[in-house]
Amino acid sequence: MSDNIWQKEITLKDILKVLELLRRGFISLAKYIVDPIRNLLSKLGYKLAIYVFLVPSLGFISLFYLVPFILTFLIGMTAMDFTFKWDWVGLANYIRILNDSFAPKIMGNTLFYVFTTLTLFNVGMALVVSLITNHIPDHIGSAVRGIWLLPRITPSTVYALLWLWAARGEENALINWFLTITGLSMVIPTRTWILDDPWVIVILVNGFVGTSFGMIVFTAALKSIPEDYYRAAKVDGASTWDIIRYVELPMIKWPLLFVTAYQTLSLLTSFEYILILTDGGPGLYTTEVWSLYSYHKAFRSYGGTVEIGYGAALATILVIIGVIMSLIYWRIFKFKEMMVEPKIEV
Amino acid sequence: MMGIKEILEKIWIYVVTALLVVPVIILYFYLGLISIAEDMDGIFPTGLTLEHWLEVLDGRIPIPGAQYEYPNIYLVALNTFILAVLVAGLEVVISSLAGYSLSRFKFRGRSAILTMILILHAFPGITLLIALFFVLNYLGLYNSLLGVVLVKVALDLPLGIWIMKGFFDGVSWDMEMSALVDGCTRLGAWWRVVMPNVRNGLMAVLIFGFLSGWAEFIYALTFIAEQRFWTFSMLVYAFTTGEYSYTNPGITAAVAIIYMIPVILFFLFAQKYLLRIQLIGKGGA
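So the sequences go chain by chain: A and B.
Counting in my numbering, the final residue of the first sequence is number 346, and the numbers go up one at a time with none missing.
Counting in my numbering, the final residue of the second sequence is number 631, and the numbers go up one at a time with none missing.
Some hints here could point you the wrong way.
What the hints assert, rightly or not - Counterexamples of contact, computed for chain B against chain A with all Cβ distances above 12 Å: (1) L394; (2) W399; (3) G405; (4) E415; (5) N418; (6) L421; (7) D528; (8) N543; (9) R545; (10) L552; (11) E572.
Said to hold, decoys possible - When the alpha-carbon atoms are kept at most 27 Å apart in a straight line, the in silico DSSO-like pairs for lysine-lysine are as follows: (12) B:K351 / A:K234; (13) A:K234 / A:K223; (14) B:K351 / A:K223; (15) A:K223 / A:K253; (16) A:K17 / A:K31; (17) A:K234 / A:K253; (18) A:K31 / A:K47; (19) B:K356 / A:K223; (20) B:K356 / A:K234; (21) A:K47 / B:K452.
These are calculated hints, taken from the structure and not from any lab test.
Where is the CB? At the ideal position from N, CA and C, for every residue including glycine.
Kindly generate the complete structure, drawing on both the sequences and the hints.
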């Protein structure tokens, strides 16, 4: 054959022919492969659909919740370092925690940090903001609450940075400058806050973030108080303070308990802002809390080695507290009521 | 007529309101100013300049006192964006699948799964950090954006599933039933009839997922070793801490503001979704 088919000019017609072939191919593919699968699917249908819909979630949850959960306990019983060798030591890590000369100090720090931040901000400030914004016109109220939401949605590194600047030692840094121009520096001398009073900054930073959770929960509860209660109180000549004291506060007891419990756990386990602000310092473990101590042991090398095993043992204690408290919420706060059977039968 | 006592009370309330808002506003106001200021005296700039912005938009930020530079800011932006989009996308797809099946199907183990999801939502996932590190290392996903994405998706899932289940519960069964009667498959009905009706829920999970990926810090810091995978959170962290921490505040502020753009946009235009999510809260912070 003299004329090579590759040299033949390709026309539109040829392309269409190829496409037509492909189309037929796909149709027969569908007939012999896809259709049987589809039939099988609709027969299995219901059961299979459930699995298909749930498998991705269950896969993620097993791999990144359940497996790590068990692993934390197991690694806590080893002297694992960066080589990831399973060096079983039984309960030695836990005996070490009992004898760790820093443990009492870090435990004290943790309790102080959780208690102070919780009472002043996560519950205290949250109450103040939600009560106040409930007594001013709603459009101003929601704007105020919106502003208080900002610290929570700002990326943690940026938000901490704002405070690091404000807390600097120079006379013209925000906090010192404010103290000077208001004359407050007579009572509270200016200082390098992060070095001289690190707890103040740590609590302020976490507190401004923590306020929004309680604020939203309390506001939702306050909004659901019937208008009649307010009217009745006003008729009786109650002042705003009386309304807060005798109408509003008694009505939000339950949310108050919820926020307290929920935020205790969250303060106990989160260390992100402390890591950025002071990294547990200045000096030796001045602002180190339990969760950060566990992180440091597992991921920071002191003298060339990391103690993943010891870190995991420290974390195990938090995991156990976490499980117990989650179970308690589930019981006390009637989570079960949210689990009504599906409205529909399939 | 308002009595004098009531007027005083009103004034008092507004004074307290102002005191509550001002500290937060000043913090953010300061960030904006310092990026265009030569230096700051309290909240007043001592002179204005665009120098910092020009330097940042150039992309290359030198490390003070060192020979080398921070990773290029456009690479950092791309990494952050990829991370956020992957987290948001996976979360929407996976949680709407699970939310639908938990809302519509009756099967053995349903209430056990729901219980587990609620307990996991309350459980602080951050305590599993060390074991997660082990798992990622085992899977060969240490030092990759994908590893951070998967961990992030898993930890946000309980909340996402719960939100989506709530929205699916709100779609009337009659509508779906009529689609099934008209010959739609189960999957077809889900896609054509149910999904368009839960758009608000999808948006809420999408925005939450995006912001959660965009702002992620601890997992990125712990699971990523190389600078070429850095996200904004690690760049800003490097500006403020560590050996060569003194980076010009103006430059730092400009980068921080760029980092905050999506947050500000969502804050201004999507607050109803954000509030809905924050109400249900997140286990972590």
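Quick rundown of the hints versus the structure:
1. L394: Its Cβ never comes within 12 Å of chain A, the nearest being 17 Å, so this holds.
2. W399: Its Cβ never comes within 12 Å of chain A, the nearest being 16 Å, so this holds.
3. G405: G405 (chain B) clear of chain A: closest Cβ-Cβ about 19 Å, beyond 12 Å.
4. E415: 19 Å, holds
5. N418: 18 Å, holds
6. L421: Label holds. Min Cβ-Cβ 17 Å, cutoff 12 Å.
7. D528: 16 Å, holds
8. N543: 15 Å, holds
9. R545: For R545 (chain B), whose nearest Cβ neighbour in chain A is about 19 Å away, the distance exceeds 12 Å, so it holds.
10. L552: Answer for L552 (chain B): holds, closest chain A Cβ roughly 15 Å.
11. E572: Per Cβ check, E572 (chain B) is outside 12 Å of chain A; nearest 16 Å; holds.
12. B:K351 / A:K234: With a Cα-Cα distance of about 14 Å, the restraint between K351 (chain B) and K234 (chain A) holds, given a limit of 27 Å.
13. A:K234 / A:K223: 17 Å, holds
14. B:K351 / A:K223: Holds, at roughly 26 Å.
15. A:K223 / A:K253: 14 Å, holds
16. A:K17 / A:K31: Satisfied, since the Cα-Cα distance of roughly 21 Å is no more than 27 Å.
17. A:K234 / A:K253: 22 Å, holds
18. A:K31 / A:K47: 24 Å, holds
19. B:K356 / A:K223: 20 Å, holds
20. B:K356 / A:K234: The given pair, whose Cα atoms are some 15 Å apart, holds under the 27 Å limit.
21. A:K47 / B:K452: 10 Å, holds
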